[in-house]
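Generate coordinates for the entire structure from the input sequences, incorporating the hints supplied.
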Amino acid sequence: MKTQWLFPHRFRLVGWLILLPSIALGLAYMYADFQLEFLTISFAKGKGFLGGELTINLTDEVAALGVIAGLLMIGFSKELIEDEMVGHMRLEALQWSIYVNYIILAIAILFVHGERFFDVLIYNMFTMLIVFVIRFNMLLYKNSRVLAL
Amino acid sequence: MKNRIKVERAEKNISQAELADQIGVSRQTINSIETGRYVPSTILALKMARVFDRRVEDIFQLEETD
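Chains as they are written, first to last, in the working numbering: chain A, 185 to 333; chain B, 8 to 73.
Please note: incorrect hints may appear among the correct ones.
Across the chosen pairs, the derived CB separations fall in these ranges [as the list claims (entries may be wrong)]: (1) B/29 x A/223: 48 to 56 Å; (2) A/264 x B/60: 28 to 36 Å; (3) A/324 x B/28: 16 to 24 Å; (4) A/303 x B/68: 49 to 57 Å; (5) A/291 x B/9: 42 to 50 Å; (6) A/321 x B/24: 21 to 29 Å; (7) B/28 x A/321: 21 to 29 Å; (8) A/325 x B/11: 24 to 32 Å; (9) B/31 x A/201: 26 to 34 Å; (10) B/28 x A/294: 49 to 57 Å; (11) A/309 x B/64: 49 to 57 Å; (12) A/227 x B/50: 51 to 59 Å; (13) B/24 x A/291: 41 to 49 Å.
SDA-like cross-link-like pairs, simulated, lysine to any residue; straight-line CA separation at most 25 Å [what the hints assert, rightly or not]: (14) B/19 x A/267; (15) A/326 x A/272; (16) B/9 x B/72; (17) A/262 x A/193; (18) A/326 x B/31; (19) B/54 x A/272; (20) A/326 x B/25; (21) A/262 x B/54; (22) B/13 x A/328; (23) B/54 x A/265; (24) A/262 x B/30; (25) A/326 x A/267; (26) B/9 x B/44; (27) B/54 x A/275; (28) A/262 x B/45; (29) B/13 x B/58; (30) A/326 x B/45; (31) A/326 x B/51; (32) A/262 x A/190; (33) A/262 x B/24; (34) A/326 x B/48; (35) B/13 x A/266; (36) A/262 x B/51; (37) A/326 x B/30; (38) B/13 x B/60.
Since the hints were derived computationally from the structure, they do not count as laboratory data.
Note that CB positions come from ideal geometry on N, CA and C, so glycine has one too.
Next comes the structure, spelled out in structure tokens:
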């Protein structure tokens, strides 16, 4: 795996700083109907249905984009020593994450129906990245527990 | 694939960490190669051979199961 498409190492911390508030914001939006009022924008006065104005709140968009940005930074930041074996482990973790993501999705397709499937779709936007980050770090950890000689 | 890295390291009195620094990889990578868990790229094998002043075939040997 070439290293030219990776973020600098310190972006990993930035990723966490973006990810955790975004997850909190997203969960609050989904389950507590929480919105950030300053993210409400209205436009198209007179162009909405029946001539009213169009108002939308961007809390969920910001939360989703924050989770995506955070996970990308965490998963694709360079390690301290980015050598070929780390690149190899990253590819392995990517393959794993695709398998696991689609197996979980297939199970959800079988057992979740109707409106509740919308929740599955929302989580499925992020599960591939989440599984990748978990698996990659598992591989790194397993590897670091070697005896020195 | 068999390798003689440990023997070569002992002869030259180099630790895994020192070898890793000289080649530009992590110590875990050297350990993984030595224990046969990871096959290095050609470039890495050539660099290793250069450090030990040997030919690549003297350090890495093909086995029947490869």
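Here is how each hint holds up against the structure:
1. Taken as a hint, the range 48 to 56 Å holds for the pair residue 29 of chain B and residue 223 of chain A, whose Cβ atoms sit roughly 54 Å apart.
2. Checked against the hint of 28 to 36 Å, the C-beta distance between residue 264 of chain A and residue 60 of chain B comes to roughly 29 Å, which is consistent with it.
3. For the pair residue 324 of chain A and residue 28 of chain B, the supplied restraint of 16 to 24 Å holds, since their beta-carbon distance comes to about 20 Å.
4. Hint check: residue 303 of chain A to residue 68 of chain B, Cβ distance near 56 Å, so the stated range 49 to 57 Å holds.
5. The supplied range of 42 to 50 Å is met by residue 291 of chain A and residue 9 of chain B, whose beta-carbon atoms lie about 43 Å from each other.
6. Our hint of 21 to 29 Å for residue 321 of chain A and residue 24 of chain B holds, since their Cβ atoms are close to 23 Å apart.
7. Hint check: residue 28 of chain B to residue 321 of chain A, Cβ distance near 24 Å, so the stated range 21 to 29 Å holds.
8. Range check, residue 325 of chain A to residue 11 of chain B: Cβ separation about 29 Å, and the 24 to 32 Å hint holds.
9. One distance hint, 26 to 34 Å for the beta-carbon pair residue 31 of chain B and residue 201 of chain A, holds here, with the actual separation near 31 Å.
10. Restraint check, residue 28 of chain B to residue 294 of chain A: a C-beta distance of roughly 52 Å satisfies the suggested window 49 to 57 Å.
11. Checked against the hint of 49 to 57 Å, the C-beta distance between residue 309 of chain A and residue 64 of chain B comes to roughly 50 Å, which is consistent with it.
12. At about 56 Å, the beta-carbon gap between residue 227 of chain A and residue 50 of chain B stays in the expected band of 51 to 59 Å.
13. Between residue 24 of chain B and residue 291 of chain A, the C-beta spacing of about 45 Å keeps the proposed range 41 to 49 Å intact.
14. Annotation: proposed proximity of residue 19 of chain B to residue 267 of chain A holds, straight-line Cα distance about 24 Å (limit 25 Å).
15. Of the pairs offered as hints, the one joining residue 326 of chain A and residue 272 of chain A holds, with about 14 Å between alpha carbons and a cut-off of 25 Å not exceeded.
16. Proposed proximity of residue 9 of chain B and residue 72 of chain B is supported: the alpha carbons are some 11 Å apart, at most 25 Å.
17. Distance check on the hinted pair: residue 262 of chain A and residue 193 of chain A sit about 5 Å apart at the alpha-carbon level, within 25 Å; holds.
18. Using a Cα cut-off of 25 Å, the hinted pair residue 326 of chain A and residue 31 of chain B holds, with the two alpha carbons roughly 21 Å apart.
19. Annotation: proposed proximity of residue 54 of chain B to residue 272 of chain A holds, straight-line Cα distance about 19 Å (limit 25 Å).
20. A hinted pair counts as satisfied when its Cα atoms are at most 25 Å apart, and residue 326 of chain A with residue 25 of chain B qualifies at roughly 22 Å.
21. Using a Cα cut-off of 25 Å, the hinted pair residue 262 of chain A and residue 54 of chain B holds, with the two alpha carbons roughly 23 Å apart.
22. Distance hint between residue 13 of chain B and residue 328 of chain A is fulfilled; the C-alpha atoms sit about 19 Å from each other, no more than 25 Å.
23. For the hint linking residue 54 of chain B to residue 265 of chain A, the alpha-carbon distance of about 17 Å falls within 25 Å, and the restraint holds.
24. Note on residue 262 of chain A and residue 30 of chain B: the hinted pairing holds, with a Cα-Cα distance of about 18 Å set against a maximum of 25 Å.
25. Of the supplied pair hints, the one linking residue 326 of chain A and residue 267 of chain A holds, its CA atoms being roughly 16 Å apart against a limit of 25 Å.
26. For the given pair, residue 9 of chain B sits about 11 Å from residue 44 of chain B by alpha-carbon distance, which is consistent with the 25 Å threshold.
27. Between residue 54 of chain B and residue 275 of chain A the CA atoms are separated by roughly 24 Å; this keeps the pair inside 25 Å, and the hint holds.
28. A C-alpha spacing of about 20 Å is found between residue 262 of chain A and residue 45 of chain B, which places the hinted pair at or below 25 Å, so the restraint holds.
29. Under the criterion of a C-alpha separation no larger than 25 Å, the hint pairing residue 13 of chain B with residue 58 of chain B is consistent with the structure, at around 13 Å.
30. Distance hint between residue 326 of chain A and residue 45 of chain B is fulfilled; the C-alpha atoms sit about 14 Å from each other, no more than 25 Å.
31. Distance check on the hinted pair: residue 326 of chain A and residue 51 of chain B sit about 22 Å apart at the alpha-carbon level, within 25 Å; holds.
32. For the hint linking residue 262 of chain A to residue 190 of chain A, the alpha-carbon distance of about 6 Å falls within 25 Å, and the restraint holds.
33. The straight-line distance between the Cα atoms of residue 262 of chain A and residue 24 of chain B is roughly 20 Å, inside the 25 Å bound, and the hint therefore holds.
34. Of the supplied pair hints, the one linking residue 326 of chain A and residue 48 of chain B holds, its CA atoms being roughly 21 Å apart against a limit of 25 Å.
35. The suggested pairing of residue 13 of chain B with residue 266 of chain A holds, with an alpha-carbon distance near 23 Å, which does not exceed 25 Å.
36. With a CA separation close to 19 Å, the supplied pair residue 262 of chain A and residue 51 of chain B stays within the 25 Å bound.
37. With a C-alpha separation of about 23 Å, the suggested pair residue 326 of chain A and residue 30 of chain B falls inside the 25 Å cut-off, and the hint holds.
38. Of the supplied pair hints, the one linking residue 13 of chain B and residue 60 of chain B holds, its CA atoms being roughly 15 Å apart against a limit of 25 Å.
Going through the hint list in order, the structure satisfies each hint without exception.
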